[in-house]
Amino acid sequence: MGNSIVSKAFKVLAFVLILLTSAFLIVPIIFTVLGSFSAYWGQTMFSRGLTMRWYEYVFYYYGHTIKITLLISAVTVVVNTILGSMAAYKVCMAKNAHSKWIKFFEEILTLPTAIPGIAIGLALAQAYAVMRQSGILILIGHIVFTFPLIFRTVTGALRSTNFRAVDEAAASLGAGPIRRFFTVIFPAIRVSVLSGAINVLLLSLGEFNITFFLYTPFLMTLPVGMYESYASLRIEVGSAFTTLFLVLAIPLSLLLNRLNKSKTM
Amino acid sequence: MTRKTHISIKHISKVFPDGTRALHDINLDIAEGEILVLLGPSGCGKSTLLRTIGGLEQKSGGDIYFYNKEVSQVPVEDRNVGFVFQNYALFPTMTVRENIAFGLKLRKMAKAEISRKVDSLLEMMELVEHAEKKPRQLSGGQQQRVAIARVLAIEPEVLLLDEPLTALDAKLKEYLRIELGQMLRKLGITAIYVTHDQLEAMSIADRIAVMNLGVIEQVDTPERIYSSPKTDFVADFIGRINCVKGKMVSGADGLFVDLGFIQLPAPSGTEKRAGDEVNAYLRPEDIELVGTKADNSGNIIQAIAEQCIFMGDCYHVVARAGNEEIFFEVPNGARIKIGETVQVKLNAEKLIVL
Ligand SMILES: Nc1ncnc2c1ncn2[C@@H]1O[C@H](COP(=O)(O)OP(=O)(O)OP(=O)(O)O)[C@@H](O)[C@H]1O
Ligand SMILES: [Mg+2]
Chain X
1 MGNSIVSKAF KVLAFVLILL TSAFLIVPII FTVLGSFSAY WGQTMFSRGL TMRWYEYVFY
61 YYGHTIKITL LISAVTVVVN TILGSMAAYK VCMAKNAHSK WIKFFEEILT LPTAIPGIAI
121 GLALAQAYAV MRQSGILILI GHIVFTFPLI FRTVTGALRS TNFRAVDEAA ASLGAGPIRR
181 FFTVIFPAIR VSVLSGAINV LLLSLGEFNI TFFLYTPFLM TLPVGMYESY ASLRIEVGSA
241 FTTLFLVLAI PLSLLLNRLN KSKTM
Chain D
266 MTRKTHISIK HISKVFPDGT RALHDINLDI AEGEILVLLG PSGCGKSTLL RTIGGLEQKS
326 GGDIYFYNKE VSQVPVEDRN VGFVFQNYAL FPTMTVRENI AFGLKLRKMA KAEISRKVDS
386 LLEMMELVEH AEKKPRQLSG GQQQRVAIAR VLAIEPEVLL LDEPLTALDA KLKEYLRIEL
446 GQMLRKLGIT AIYVTHDQLE AMSIADRIAV MNLGVIEQVD TPERIYSSPK TDFVADFIGR
506 INCVKGKMVS GADGLFVDLG FIQLPAPSGT EKRAGDEVNA YLRPEDIELV GTKADNSGNI
566 IQAIAEQCIF MGDCYHVVAR AGNEEIFFEV PNGARIKIGE TVQVKLNAEK LIVL
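First to last, the sequence lines map onto chains X and D.
With the numbering used here applied, the first sequence covers 1 to 265.
With the numbering used here applied, the second sequence covers 266 to 619.
Careful: at least some of the hints might be erroneous.
Pulled a few chain D residues facing chain X out of the computed Cβ check, cut under 10 angstroms [to be verified]: (1) 320; (2) 322; (3) 370; (4) 416; (5) 484; (6) 487; (7) 489; (8) 546.
In short, the hints are calculated from the structure, not lab data.
Beta carbons are placed, not taken as given, at the ideal position from N, Cα and C, and that holds for glycine.
All chains, full assembly: derive it from the sequences and hints.
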C-alpha cells in the first residue's frame, strides 16, 4: 500500500518534471526555430509570412564564425582526444598511481572545470595579450577548458576494469607503451574515448565565456556571433543563428546519448 | 644432477614509494629448468619478488642475473619473461587466436609460421573450438589456458606465474595443477610459481622458497621443507604440527629434549646444547595410538583425551599430556572417549627442535 502511494508520487513528480522541461526548454526552442523563418516576429509570429532571408543574412555576415568555430572545435577535439587519452593512460598505468605527483597532476587537470570560464578567458587575455590577434589564444582556451572532460572520461574507463594487468601482460609479451596503447588498450575503451570526444566537441562548439574575452572582429566563434546578433540585430537573425547551432549540436548529443547507453549495457 | 644456475638473485630489496618495505635482502639461485615455488602468507612479498624478477617492478637494491647478465635495468618488454597472472589479463577485444598470436606478431614472425604455431598451441591447450571467441565468452579455466598459451607462444626464457590457479574452483584447480605441473616439466622451462596454497606448492615444486614478511625463511625441496623446517615460521606455516616448549638436557647416553611430560632423544645433528630453551615440533602423523596394553619400546606417554572430532577418514584427537596439549589422528575404528586416558607413542626420529 505504502508502495503504491510512493509510486504514484513518483509518477506525479515525473509528470511535473516533463512539464517543466517542456515549458522551459523545448517550447522556447520551438519558438526560436519557428521565429527564424518568420519574416517579422511581432505580436504574432507569422503575420508577415515565411522567409529564408535571416539565414542568408547569417551566412553572409557571420558565415566566417561558423567556419572558425568548426575549425577551432575540430582542432580542439583532435588535440584533446589524443592528449587526453594518452595522459589518462599514463596516469592510470603509472607504476605508482597513488603518488603525490600524480594526485597533484590530476587535481591541476580538473581545475578548468572548477574555475569559471570568464576567469580563464580574462586570465588568458591578460597574460598573453600579444598572442590575441593570432587567435591561438581562443584555441588554447578551448583546449584547456575541455581537456578535463575527456581526461576524466578515459580515466574512468581505464579504472573500471583491471587494465593495468592487461597492460603489464602486453608489456611482458614485448610491446612498448605506444603499441600497447593502440593495439590493446584503445580498442577496449574506444567507446568511452569517442563519447569523451563528442563531449569535448559539444562543449567547444558552444563555448562562450572564455571566447568572449579572446575574440577579435576577424576571429569570432559561432556562439559569440550569436550573442552579437541577438544584442545588436533583429531577434529573427538571432533565432536563425540559434537554429543553425542546434542543427550542429542536437545530432551530436543524440549520438552521445546512444553511446553512453551502449557503454552501460 | 647439478644444473646450471639460470637466475641468481643477490641482495634484492624493495621499498615502495609509500615507504612499504616489501622485500629485505633476498638471495636466491634458481637452476635451469627448475620449478621454484614462492610460498607464503598474504602480503609477504611473493608477488613483489616475482614482479621484480620479471621487470614489472624496479628493485630498490641488489642485483638480478639471468645467467651471468645483470638484467635489472632491462625493461620488461625486452626481458623475455612470460607472465601468467591470477586474473588472466587477456586482451579483451582480441579473439583467443589473436591473443596467442600477439607476442609472435611483435616478433615479426611470418604469417604462416604464426598461424602454424598458434594452431599447435590451441591444440596443446585444448582450445581449438574456442579459437575465434573473445575472452569474455570463455570460462575461467579456459581463459587461464589461453593466458598460458599466449606466454608459451613467445618461448620465454623464464615463466613467471602469480597464483595462476587461485581464481578457479577446487576441482578445476586440482586438474589444472596436475596438467600445469606435467607441462612445465615436459617443456623444461625455468619457472617461478607464486602461490599461498601449500598443496599446490608441494605438488608442483622442485624447490619451495617459503617467504614471510619480505624475507625468504627457507629454500628446500618440498620433502625437506615438510620434514626439516629450519625456522619456527616454516614449521608452523607448513602443514599441521604440534609445538611444545622444551629444554635441552644431557642424559646418560647423549642429549635429550625435556618436554616436561617426557624426555626424547635430541635429533642427531642438532646445534642445540644442554640448557638451551627450544621449541620442539612433531607432526600429528608421528604420534601413534598404541592402545592401553603395555608396550616397552619407549617414548610412550599417557594423555587424557579432551576432544575427538570426526574428520571423515579419521578422528582428530586433542589430548593433554602434562601441561601441554597435543593433537594427532586416529583411524576410524578406534573410538576414543573424552576424558579417557590414552597411550600414544611419539616417533622421536621425526622430532624437530628449533
Ligand atoms: N604498489 C605498491 N605500493 C605500496 N605497497 C605495495 C605495493 N604493492 C604491494 N605492496 C605491499 O608490499 C607487501 C607485499 O605485497 P605482495 O603483493 O608482494 O604480497 P603477496 O605475498 O603477493 O600477497 P598475496 O598473497 O596477498 O598476493 C604488502 O605489504 C603490500 O601491501
Ligand atoms: Mg600476490
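Each hint tested on the structure:
no. : hint : in the structure
1   : 320  : holds, 8 angstroms
2   : 322  : holds, 7 angstroms
3   : 370  : holds, 9 angstroms
4   : 416  : holds, 7 angstroms
5   : 484  : violated, 25 angstroms
6   : 487  : violated, 28 angstroms
7   : 489  : violated, 32 angstroms
8   : 546  : violated, 39 angstroms
Hint compliance for this structure: hints 5, 6, 7, 8 are not met, and every other hint is.
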